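Chemist: In case you want the letters, here they are:
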Amino acid sequence: QKEVEQDPGPLSVPEGAIVSLNCTYSNSAFQYFMWYRQYSRKGPELLMYTYSSGNKEDGRFTAQVDKSSKYISLFIRDSQPSDSATYLCAIMDSNYQLIWGAGTKLIIKP
Amino acid sequence: DTAVSQTPKYLVTQMGNDKSIKCEQNLGHDTMYWYKQDSKKFLKIMFSYNNKELIINETVPNRFSPKSPDKAHLNLHINSLELGDSAVYFCASSRERDYYGYTFGSGTRLTVV
Numbered sequence: 041q042k043e044v045e046q047d048p049g050p051l052s053v054p055e056g057a058i059v060s061l062n063c064t065y066s067n068s069a070f071q072y073f074m075w076y077r078q079y080s081r082k083g084p085e086l087l088m089y090t091y092s093s094g095n096k097e098d099g100r101f102t103a104q105v106d107k108s109s110k111y112i113s114l115f116i117r118d119s120q121p122s123d124s125a126t127y128l129c130a131i132m133d134s135n136y137q138l139i140w141g142a143g144t145k146l147i148i149k150p
Numbered sequence: 008d009t010a011v012s013q014t015p016k017y018l019v020t021q022m023g024n025d026k027s028i029k030c031e032q033n034l035g036h037d038t039m040y041w042y043k044q045d046s047k048k049f050l051k052i053m054f055s056y057n058n059k060e061l062i063i064n065e066t067v068p069n070r071f072s073p074k075s076p077d078k079a080h081l082n083l084h085i086n087s088l089e090l091g092d093s094a095v096y097f098c099a100s101s102r103e104r105d106y107y108g109y110t111f112g113s114g115t116r117l118t119v120v
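Heads up: the protein sequence lines correspond to chains A and B, in order.
Numbers 41 to 150, taken from the working numbering, label the letters of the first sequence in order.
Numbers 8 to 120, taken from the working numbering, label the letters of the second sequence in order.
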């Protein structure tokens, strides 16, 4: 079993829809969770990070961590074509190393 | 601009050649990394390096070697290039013992022919 599992998609939704992106992880000791966005031919950029359980909101984006289920989510409200990208979840281990999901390719259709 | 910058952006070369990719960060970060991203977009750590410690992913062939002239630079040297080395290579940096993630460069697309 991989330490972090993420469906690679692609996930295609119409403009304006609510998008839900998810990852599961195996180590219950993990505490720091991140979402990166990667546009085509660009490097990943940090979108949001959360510590422990709960929600964090930033504009149209909400990151959610459920430690009891070992499940992290990124929600995008009112999705726009400019949100089309690959979204990678990443979890930082106790050695400050990032463990990456495979990335989900998101396509927002106008 | 504060950033992680890599050169070149594109590199096409023949099998057997030796090549280097350069990386510079002006963020004042202590730790730098090299990642390889394959065609399926999976990010694989190759090296992490600060002025105290080089951590090498054991799956990385010894044809790959990081070279750091100073804290702001971490170059990647590759000997005897193979077809399977074709990928996008990303440099990244972070503050030591910082839980707030890494800053990435825009990548070097390496094609070995």
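These are computed hints drawn from the structure, not numbers from a lab.
Keep in mind the model is a prediction, meaning the values are calculated, not measured.
We put the beta carbon where it would ideally sit given N, CA and C, even for glycine.
Check before you lean on any hint, since a few could be wrong.
[Claimed, not checked] Listed below are several chain B residues computed to face chain A (Cβ distance under 7 Å; list not exhaustive): (1) Pro68; (2) Gly108; (3) Phe111.
Chemist: Of the numbered hints stated earlier in the document, which are not met by this structure?
Modeler: 1
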